[in-house]
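Enquirer: Sequence:
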Amino acid sequence: MTLPAGFAPAMRSFSLPGAILLLVALMVVPIPAFLLDVFFIMNIMISLAVLMVALNAQKPLDFSAFPSVLLFATLFRLGLNVASTRVVLVNGHEGGAAAGHVIEAFGNFLIGGDYVVGLLVFSILIIINMIVVTKGAGRVSEVSARFTLDALPGKQMAIDADLNAGLITPDDARARRAEVSTEADFYGAMDGSSKFVKGDAIAGLLILAINIVGGLILGVVSHQMAVGDAAQAYILLAIGDALVAQVPALLLSIAAAAIVTRVNSKHDLAGQIGSQFGSHKTWTPVAVILALLGVVPGMPHFVILPAAAAAGFAAWKMRAHANRPPPPEPMPEPADLSKIGWDEVTDNMQVMLDIGYGLVPLVDERRGGPLMGRITGVRRQLSKDLGFVVPQVRVRDDINLAPFTYRIVIGGVVVGEDTVAPDEMLALDTGQAVGKLHGKPVRDPTFGLDAVWIASGDADAATGAGYLVVDPGTVVATHLNHVLIQNAADLLGPDEVQALLDGLKERAASLVASLCPQPVPLTTLTTVLRGLLLENIPLKEFRRIAAAIAVAAQKTLDAEEILELIRPDLGPLIIQRLCGVREPLRVMTLEGQLEALLGQAVRSDPSRRHTIEPDLGRRIADALQHAAGPLIAEAKPFALVVQPAIRVAIRKLVKSILPDTPVMSFFEVPEDKAVEVVAVIGAPEALPA
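Count along the sequence shown from 1, then add 4; that gives the number in my numbering.
Heads up, a few of these hints could be off.
[As the list claims (entries may be wrong)] Quick list of the computed label-pair ranges, beta carbon to beta carbon:
no.	residue 1	residue 2	range
1	D499	F76	42 to 50 Å
2	V292	D233	54 to 62 Å
3	F671	E587	18 to 26 Å
4	Q604	P407	53 to 61 Å
5	V42	A165	54 to 62 Å
6	A29	N112	26 to 34 Å
[What the hints assert, rightly or not] Cross-link-like lysine to aspartate or glutamate pairs, in silico, EDC-like; alpha carbons within 16 Å at most:
no.	residue 1	residue 2
7	K202	D154
8	K656	E539
9	K440	D462
10	K444	D433
11	K509	D175
12	K199	E146
13	K159	D189
14	K544	E500
15	K159	D176
16	K388	E500
17	K640	E587
18	K656	E675
19	K659	D626
20	K544	D573
21	K656	E587
22	K544	D506
23	K440	D464
24	K444	D454
Hints are computed from structural coordinates only; laboratory data are not their basis. Since we're looking at a predicted model, the values are computed, not measured. Don't be surprised by glycine CBs; every beta carbon is placed ideally from N, CA and C.
Please model the complete structure; the sequences and the hints are all you need to start from.
Expert: Given below as C-alpha cells:
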C-alpha cells in the first residue's frame, strides 16, 4: 500500500505535540504496572541513544538539537517518576511486583539483601551525578557560552573580511554566519539546559525520600502493616524506582558533559582519543613505571606485572607501526589518449599571472616568496576601492616564457608583460635622485619611470642617493594592481553583479526588487556598471547607483542612455576624487562655437557612434594635451566639462591621451560647487593645425 504524499511530514509535525501530551498524561493518568515497565525501558533506550550520538559527534554542532532533546528527556523521566510514585504508594503493600518488574528487579539488584547498603550505593550514584558530572558540565557550559558570545563580533568581522577579500563566496559567507549564530545559540541553550540535569538529580533524591516516608506511613496507618514489613516492601520499591530513573539521568549527564567538552575535529570522540593516545612515547614510560611498581615487596604482582606487560606490548606495537614505511601510492589508471578534457582547451580563471621558471621562487611561500601575499593584498585593497570582489588571480609557470619574464592575462588577452631580476632590487628615479647607479637600466612597467636593477647590497646606497628601492615582488604586484585598475570593467561580469545585488538585498530588498531582473535585465545592468568602471567611477556606493538606475529605467532600457541619465546623480562621487569640499573644482571647457559644431555633428550621426571628424578630433586632442600638461606636471586634478550631447564623443576622443581625466557634463556639477576654469579650448579656426 502506498502512503499518500505528505503523510510522513505530517506525522513528523504531529509527533512532538503528541509526545508533550504523553508527558502530561503520565503525570495525571494512572498507568498500569506493565505499561510502566515499557516506559522505563524506553527511557533507558532513549538515554543510551542520546549518549551514542554525543560520543560519535565530530563537533558540538553535529548534535545541535541536544538542549531540546535533554529538556524533553528530563520531562519524560520526571513524568515517569510521578507515575511510578503513584503506583508505589498505592500498590506497594501488595509486594515487589505490584509496581512492575523493572522497579522490583532494579531494587533487588542494588539492595542485594541489605537496605543500608542499597541506600548508600544510591547516595553515591546521586553524588557522582550531581556533584561531579552535572556540576562540571554546567561550569563548562557557562564558560563556553561566555567565550562564544565574546568571540561572536570577531568571527563576524573575519567572515566579512574574507568575503571582501574574495576568499569566500557570498553563499559561503551566509553559511558561515548561520553556523556562527547557531553555535552561539547552542552554547547559550546548553548553559540553561545544564540546570535541567542538576534539578533532575535533586528531584530524584527528594522523590526517594517521599517514597520511603510516604510508603512507611501508608503501610503502617492505612494497611495495618508492621513497621518492618512496610520498610521491606516500600524501601525496595522506592530504591528500585529511584535507581531506574537515575541510570538514564546519569547517561544523559555523561552525554551533556561529552558534548560541552568536545573540541571540533574530523574524528569522533573515540577516534580523537585514540589518535592522541596512540604513541609509543606515552606507553613506554607507563610500562616501565608499572614494572618497577610490580617488583616492590608487598604489591599484588599478579595484577601489576601483567598490566606492565600489556603496556609494554602496546608501546612495542605502536613503535613498529610508526616506523613502518607508508604504503606506496596507487598507480593512476592510464589516461585515454583519445579523449580531450575541457580543461585542456580553456582555463576558466578570469585573471592569470604567467611566470617564467626563474620567477618560481617569488611565489613559493615555503621558501619565503612574497608574491602570493602581495597578490592577496592587491585583491583585498582593489575590492574595497572598486566596490566588488575582484576575481582570484591564478599564478602558473609557463615554459614558453623567458626565465625572468611575467605576463598578466585578463579574459584570455595579454594586458601586461615585463621582466624582473628575482635576486636584485629595482631603484626608481622619481625625479629626486642624484648620481648614477651601477646596474641594468630599464623602465618601470607601472609608471614609466627610469629605473635600474641593482644588487641587493647596493640598496642602502641607492636609497641615500634619492632612489626609491623596491623588491621584485613589489614590482610585479604594483604592475598587477595598475593593470587591474585599468581593466576593472573586464573584471565585472554577471556573477559579480549578482553578488552585488545579493549583498544589497540584505539591506534594501525593495530597491533590488524594483531594479532587477525587471525592469532591468542582468545583462543590461552589467553593461551599465561596466560603463561606470570604464570612466573610473567605482561601485562602492552601489545602493546610490542602483537607486539612480531604477529611476532611469522608467524612461529607457538602453544601457548607454541609462548611463548618461544616472551620471548627474553620481556627480558628487566623481567630484570628491578631484577636490575637497571647500576647494573649487578645476575644469577645462570648450569654446561655445566649437561645442555647437560638435553638437551638430553628433546629432546628425544616425549611427549614434559619437565619433568626431578625424582631423578636427586630432586638433582638439592636441589642444587638450597642451593645456593639460602644466596641470598634470603640478599634480593638480581637473575635469573636462562639456555639453551633455557631446560628452560621450569627447570622452572617446581623450581617453587615450588623458585616461585619468574625467569628462563630465554641466549637469553633473552641483549648483553649489565652486568652479575654477583653468583652460578654454578655442574655436575650430584657433586650434593648432
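Enquirer: For each hint, tell me whether it holds in the structure or not.
Expert: Outcome of the hint check:
1. D499 <-> F76: 42 to 50 Å: Cβ of D499 to Cβ of F76: about 45 Å, so the range 42 to 50 Å holds.
2. V292 <-> D233: 54 to 62 Å: Cβ of V292 to Cβ of D233: about 60 Å, so the range 54 to 62 Å holds.
3. F671 <-> E587: 18 to 26 Å: 21 Å, holds
4. Q604 <-> P407: 53 to 61 Å: 58 Å, holds
5. V42 <-> A165: 54 to 62 Å: At 56 Å between Cβs, range holds.
6. A29 <-> N112: 26 to 34 Å: 29 Å, holds
7. K202 <-> D154: 26 Å, violated
8. K656 <-> E539: Roughly 10 Å between the alpha carbons, so the hint for K656 and E539 holds.
9. K440 <-> D462: 12 Å, holds
10. K444 <-> D433: 13 Å, holds
11. K509 <-> D175: Distance ~13 Å between K509 and D175 Cα, so the pair holds.
12. K199 <-> E146: 11 Å, holds
13. K159 <-> D189: At roughly 15 Å apart (the allowed maximum being 16 Å), D189 and K159 satisfy the hint.
14. K544 <-> E500: 13 Å, holds
15. K159 <-> D176: Holds, at about 14 Å.
16. K388 <-> E500: At roughly 14 Å apart (the allowed maximum being 16 Å), E500 and K388 satisfy the hint.
17. K640 <-> E587: Roughly 12 Å separates the two Cα atoms, so the pair holds.
18. K656 <-> E675: 26 Å, violated
19. K659 <-> D626: 13 Å, holds
20. K544 <-> D573: 15 Å, holds
21. K656 <-> E587: 28 Å, violated
22. K544 <-> D506: With a Cα-Cα distance of about 15 Å, the restraint between K544 and D506 holds, given a limit of 16 Å.
23. K440 <-> D464: 14 Å, holds
24. K444 <-> D454: With Cα atoms ~11 Å apart, K444 and D454 stay inside 16 Å; holds.
In summary, the structure is inconsistent with hints 7, 18, 21 from the numbered list given earlier, while agreeing with the others.
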